[in-house]
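Engineer: Given chain U, put chain P in place with the hints provided.
Those sequence lines, one after another, are chains U and P. Numbering follows our numbering, with no gaps: position 127 of the first sequence is 127. Going from the second sequence to our numbering is simple: count from 1 and add 155.
A hint or two may mislead.
Between beta-carbon pairs, the in silico distance windows are [to be verified]:
1) V20/U with R185/P: 23 to 29 angstroms
2) D49/U with R210/P: 41 to 47 angstroms
3) E193/P with D50/U: 21 to 27 angstroms
4) P119/U with A206/P: 21 to 27 angstroms
5) T139/U with S284/P: 24 to 30 angstroms
6) P119/U with L172/P: 24 to 30 angstroms
7) R185/P with P121/U: 31 to 37 angstroms
8) Q269/P with Q114/U: 24 to 30 angstroms
9) R210/P with L58/U: 41 to 47 angstroms
10) P257/P with A27/U: 26 to 32 angstroms
11) R210/P with D116/U: 22 to 28 angstroms
12) Y7/U with S268/P: 22 to 28 angstroms
13) E38/U with G292/P: 37 to 43 angstroms
14) L58/U with D271/P: 18 to 24 angstroms
Examples of chain P residues toward chain U, derived with CB under 8 angstroms [to be verified]:
15) F191
16) G250
17) F251
By construction, these hints were calculated from the structure, which means they are not laboratory data. None of these values were measured; they are calculated from a predicted model. Each residue gets a CB set at the ideal place from its N, CA and C atoms; glycine is no exception.
There are 2 protein chains.
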Amino acid sequence: MIGPMKYPPHTWDDLSLGEVFHAGPRAVSRADIDTFTEVSGDRTALHTDDAYAARTPLGGLVAHGVLNLAIATGLAYEAGLFEGTVLAFRRVDVGFDRPVRPGDELSLELEVSQLDPRPRPDRGSASFSMRVRNQDGKTVLSGTWTLLLRRTASS
Amino acid sequence: MIGPMKYPPHTWDDLSLGEVFHAGPRAVSRADIDTFTEVSGDRTALHTDDAYAARTPLGGLVAHGVLNLAIATGLAYEAGLFEGTVLAFRRVDVGFDRPVRPGDELSLELEVSQLDPRPRPDRGSASFSMRVRNQDGKTVLSGTWTLLLRRTASS
Numbered sequence: 001m002i003g004p005m006k007y008p009p010h011t012w013d014d015l016s017l018g019e020v021f022h023a024g025p026r027a028v029s030r031a032d033i034d035t036f037t038e039v040s041g042d043r044t045a046l047h048t049d050d051a052y053a054a055r056t057p058l059g060g061l062v063a064h065g066v067l068n069l070a071i072a073t074g075l076a077y078e079a080g081l082f083e084g085t086v087l088a089f090r091r092v093d094v095g096f097d098r099p100v101r102p103g104d105e106l107s108l109e110l111e112v113s114q115l116d117p118r119p120r121p122d123r124g125s126a127s128f129s130m131r132v133r134n135q136d137g138k139t140v141l142s143g144t145w146t147l148l149l150r151r152t153a154s155s
Numbered sequence: 156m157i158g159p160m161k162y163p164p165h166t167w168d169d170l171s172l173g174e175v176f177h178a179g180p181r182a183v184s185r186a187d188i189d190t191f192t193e194v195s196g197d198r199t200a201l202h203t204d205d206a207y208a209a210r211t212p213l214g215g216l217v218a219h220g221v222l223n224l225a226i227a228t229g230l231a232y233e234a235g236l237f238e239g240t241v242l243a244f245r246r247v248d249v250g251f252d253r254p255v256r257p258g259d260e261l262s263l264e265l266e267v268s269q270l271d272p273r274p275r276p277d278r279g280s281a282s283f284s285m286r287v288r289n290q291d292g293k294t295v296l297s298g299t300w301t302l303l304l305r306r307t308a309s310s
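Next up, chain U with everything else stripped away, as it sits in the complex (with noise of 0.2 angstroms):
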């Protein structure tokens, strides 16, 4: 498994319309799904129960998509990006367009599509198009997820 690209810390001023990030891969385990189960409290079937799972068209267990969101942010962390720069995640809206199972690796794209100066001379807001690859580089998640983060003025 190759390990994480590392990016310096990107304050606003130094992201660029069309700049593509990435970062991963990553695999999710049997251990993180039951993890989720347990912090989120939701034990929905699919997620808990492999015998009702097999009997889905699904056939077979797979992660809370919200986890897959969760191993995304994961993901942007470990490539070092926003480190020291984030001062929130404002906005998150994403399709959960494939399952993932146990033993999946997950690799993230973050290409900027919107640079907002505001609300200040200090912070700005970063929306950037998402998208989650599995070991097939077919897509599992994708969407849109908006930060807000300090200006170089600022730091």
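Structural biologist: Using the frame of chain U, we list chain P on its own:
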């Protein structure tokens, strides 16, 4: 702490536009934040480093936004609404409106906002306006969820 309200499982056909459901409350602990840090891999200092977080505008450590979303899915599970009827989480579009701190208690409100009988006779798409409030009644998370639910004919 009042236990969650319990509903019978709802198929797509059981839902009516404008119908409102409530779930929770549930307290968010520092241990929840630490567990989510591990499973997500998101070690952003705002969620892990008390001294750093105290120096930011937030004034102290806060829960990951996606943890708040995860807890909202757990509250929906605990309410029993979709037990055995949910086939997939299709889409989430939410804003992280306010910080959640250790000890805060979260409650969920879901309102049926759109009902689409596609894609097949045995399953339909249901969208919900969702809102998570803290113990002071302030909104910390709001937006829309879209689920794929069994239809009554198929159960």
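Engineer: So, for every hint listed, does it hold in this structure?
Structural biologist: Each hint, compared with the structure:
{"no.": "1", "hint": "V20/U with R185/P: 23 to 29 angstroms", "verdict": "36 angstroms, violated"}
{"no.": "2", "hint": "D49/U with R210/P: 41 to 47 angstroms", "verdict": "45 angstroms, holds"}
{"no.": "3", "hint": "E193/P with D50/U: 21 to 27 angstroms", "verdict": "24 angstroms, holds"}
{"no.": "4", "hint": "P119/U with A206/P: 21 to 27 angstroms", "verdict": "26 angstroms, holds"}
{"no.": "5", "hint": "T139/U with S284/P: 24 to 30 angstroms", "verdict": "27 angstroms, holds"}
{"no.": "6", "hint": "P119/U with L172/P: 24 to 30 angstroms", "verdict": "35 angstroms, violated"}
{"no.": "7", "hint": "R185/P with P121/U: 31 to 37 angstroms", "verdict": "34 angstroms, holds"}
{"no.": "8", "hint": "Q269/P with Q114/U: 24 to 30 angstroms", "verdict": "26 angstroms, holds"}
{"no.": "9", "hint": "R210/P with L58/U: 41 to 47 angstroms", "verdict": "45 angstroms, holds"}
{"no.": "10", "hint": "P257/P with A27/U: 26 to 32 angstroms", "verdict": "30 angstroms, holds"}
{"no.": "11", "hint": "R210/P with D116/U: 22 to 28 angstroms", "verdict": "25 angstroms, holds"}
{"no.": "12", "hint": "Y7/U with S268/P: 22 to 28 angstroms", "verdict": "39 angstroms, violated"}
{"no.": "13", "hint": "E38/U with G292/P: 37 to 43 angstroms", "verdict": "28 angstroms, violated"}
{"no.": "14", "hint": "L58/U with D271/P: 18 to 24 angstroms", "verdict": "21 angstroms, holds"}
{"no.": "15", "hint": "F191", "verdict": "6 angstroms, holds"}
{"no.": "16", "hint": "G250", "verdict": "5 angstroms, holds"}
{"no.": "17", "hint": "F251", "verdict": "5 angstroms, holds"}
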